[in-house]
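Residue strings, one per chain:
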Amino acid sequence: MDYRLRLAKRMLFNKKGSLIGAVLAVTIGILVIHVNFVIFQGLFDAIVRDISNYRNGDILVTDEADYIDKSDLALVNWFERIPFVQGATPRLSSTAEINMTKNGKLIEETRVPVVGVDPLRDVKASTAHETVAEGTYVLNRNSVVLGNNVATDLGNAQVGDSLKMLIVDRTGEDQIRRFTVAGIVKSPGGQGLDYSVVMHIDTLRDMMGREGETGSFMVKLNDPTKAIEVKEFFLAAYPNDDFIAETIEESAEEQLAGFRSGIAMINLIGYFGMMSSAFAIVTIQMMLVNGKTREIGVMRSIGAKRKDILIIFIFQGMIIGAIGAGVGTAAGLGYTIYAKETNMSFMNSIPLEVNYNWEKIIQTALLSFSLAIIASLYPSYRATKLLPVEAMRTV
Amino acid sequence: MSKIYGYGENQVKALDHASFSIEKGEFVLIVGSSGSGKSTLLNMIGLLDRPTNGKVFIDGVDTTKLTENKISSFRNKKLGFIFQFSNLLTDLTVLENVLLPRQIGGTNGSAEKDARDLLKTVGLEPQLNKRANKISGGQAQRVAIARGLINNPSIVLADEPTGNLDSVTSDNVVQLMKSMAKKLHQTFIIVTHEPEHFGDVDKIITIKDGKAFEGSEQTKKMEVIA
Chain A
11 MDYRLRLAKR MLFNKKGSLI GAVLAVTIGI LVIHVNFVIF QGLFDAIVRD ISNYRNGDIL
71 VTDEADYIDK SDLALVNWFE RIPFVQGATP RLSSTAEINM TKNGKLIEET RVPVVGVDPL
131 RDVKASTAHE TVAEGTYVLN RNSVVLGNNV ATDLGNAQVG DSLKMLIVDR TGEDQIRRFT
191 VAGIVKSPGG QGLDYSVVMH IDTLRDMMGR EGETGSFMVK LNDPTKAIEV KEFFLAAYPN
251 DDFIAETIEE SAEEQLAGFR SGIAMINLIG YFGMMSSAFA IVTIQMMLVN GKTREIGVMR
311 SIGAKRKDIL IIFIFQGMII GAIGAGVGTA AGLGYTIYAK ETNMSFMNSI PLEVNYNWEK
371 IIQTALLSFS LAIIASLYPS YRATKLLPVE AMRTV
Chain B
327 MSKIYGYGEN QVKALDHASF SIEKGEFVLI VGSSGSGKST LLNMIGLLDR PTNGKVFIDG
387 VDTTKLTENK ISSFRNKKLG FIFQFSNLLT DLTVLENVLL PRQIGGTNGS AEKDARDLLK
447 TVGLEPQLNK RANKISGGQA QRVAIARGLI NNPSIVLADE PTGNLDSVTS DNVVQLMKSM
507 AKKLHQTFII VTHEPEHFGD VDKIITIKDG KAFEGSEQTK KMEVIA
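The listed protein sequences derive, respectively, from chains A and B. Positions 11 to 405 (the working numbering) are the ones given, in order, by the first sequence. Positions 327 to 552 (the working numbering) are the ones given, in order, by the second sequence.
The shape of chain A in the complex, shown without the other chains (with noise of 0.2 Å):
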């Protein structure tokens, strides 16, 4: 071993307080990062995965005419011969007035948004029916899903509840009719329908006056990696129709924009925490230099050059990146396995959606590493700067 590295390795392994405290400087500010990803960059990901798996699937396809007039069956067959997908289903959107009479009070609700779906269909694309907490998913033509939030705000409404809607057709005429209440849905976050009435598409096309049309498709894949894959392939298949195909980056880029710019906002404060953790490190190698005066001087009048000193601090520097890195990576690993074995969610909130970003982990360690390093450049350069004479009148 080189005897620069060794005698690095001694000093800092027998000042244990400012090796304990250099390290720790280092995991914290790994720890920041880490935590700051699996809240942030996982609430994040809850978000895209919630908007997916309820509303836009992996692809959206829509038309630049506002309504797809080709059949369900045509495109849902299209989709579902393609390998990657797992499901197509067509969804009609819209807005209605509400009222139901609840303990002998009428009770009206406007601007409701109203979801049209193929039960048979959906349940293949989405994971909407998963969220039913009472009663069942859309059954039939007479029957409405409320989301929870509509259900309160109609007074609690319940299962087998009756209630009226209205709908303005595309000739401006009201259509009037009434629905049994068939369930409720309640998602975790209240990212999935549950500002929404659920119905079934062909009543909404009928009410609305849209046979045969609908708004958009919603195509789950097996393998989300392969949207663009697939969104080209099916723009291609179609060439002289005026479809509008999205990935969920960009079906959801106005919902999710903001969001980017926040992340990236406390990723910022993360590294200016990894930040102050070097600057704790200058701190504590300031102190080690300070205490090691005497023999700075001594190795350098038996021949050190003032580069063998620089390098034993910068030695030094690297151990406590080393062992920083590596206790502050395996800190992070294991909240991030607690986060997502535990399927962590604040104050019952939207469930956080964890992954294990490699490629950060490894960019997070190699920094604090790097930090590490280049926070031991002044020490190691002051150290150089001791003269032996003067560094011996230090006893």
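Note that these hints are calculated values from the structure, not bench results. This one's a predicted model, so the numbers in the text were calculated from it and none came from an experiment.
In the DSBU-like style, the derived pairs of lysine-lysine whose C-alpha atoms are separated by at most 35 Å in a straight line are:
#: 1; chain 1: B; residue 1: K446; chain 2: B; residue 2: K350
#: 2; chain 1: B; residue 1: K350; chain 2: B; residue 2: K439
#: 3; chain 1: B; residue 1: K391; chain 2: A; residue 2: K315
#: 4; chain 1: A; residue 1: K25; chain 2: A; residue 2: K315
#: 5; chain 1: A; residue 1: K174; chain 2: A; residue 2: K112
#: 6; chain 1: A; residue 1: K395; chain 2: B; residue 2: K460
#: 7; chain 1: B; residue 1: K460; chain 2: B; residue 2: K446
#: 8; chain 1: B; residue 1: K456; chain 2: A; residue 2: K25
#: 9; chain 1: B; residue 1: K403; chain 2: B; residue 2: K508
#: 10; chain 1: A; residue 1: K236; chain 2: A; residue 2: K134
#: 11; chain 1: B; residue 1: K381; chain 2: A; residue 2: K317
#: 12; chain 1: A; residue 1: K174; chain 2: A; residue 2: K80
#: 13; chain 1: B; residue 1: K396; chain 2: A; residue 2: K25
#: 14; chain 1: B; residue 1: K439; chain 2: B; residue 2: K396
#: 15; chain 1: A; residue 1: K315; chain 2: B; residue 2: K460
#: 16; chain 1: B; residue 1: K339; chain 2: A; residue 2: K395
#: 17; chain 1: B; residue 1: K350; chain 2: A; residue 2: K395
#: 18; chain 1: B; residue 1: K537; chain 2: B; residue 2: K391
#: 19; chain 1: B; residue 1: K391; chain 2: B; residue 2: K509
#: 20; chain 1: B; residue 1: K404; chain 2: A; residue 2: K395
#: 21; chain 1: A; residue 1: K317; chain 2: B; residue 2: K391
#: 22; chain 1: A; residue 1: K315; chain 2: B; residue 2: K529
Got chain A; can you put chain B on it based on the hints?
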């Protein structure tokens, strides 16, 4: 050579045109009262400090012309140091301390064998794996002697090597240095204010008020009277 510290009114002349020569293999004492400039002189000879004026020649080399890196190599290969407080590196073992000058010089070949032999010579073979702060003051000074000799230097410089030791240990250390000097034919230059501990030596250089002259102060007085 001269060495002046400070500027203007605060100037202190630590060495004032001190000039002398020492032959190879001589055992030389530098004596003088406290603050006379003995250690300053040793630092100049040891290339730990540079003179304000004048030159230091070692083995025919004008050391004042050497660059800093060359001075470090020169110190490593040509000079051995023994300090008053032994100045061992407490993070290393006895053996590692003795090996250090070799490792710094990058000449590791037979280093460990040589270090073990030297430690055997100074009677510390059983202690070689002990941490340097776990041995007595006398043992530490013997380790320092072994460390000073490991690179087989031309000159061994010792600054008050017995200053921190009791009289029995002092005598042991002095005898050890004298026997090593005889055995290895090396030049020993020792700063001390206790010349009586050293008995017969080849030369004594006295420093007084920064000036150097050969012989003890008593000899000088006798010369003046004559």
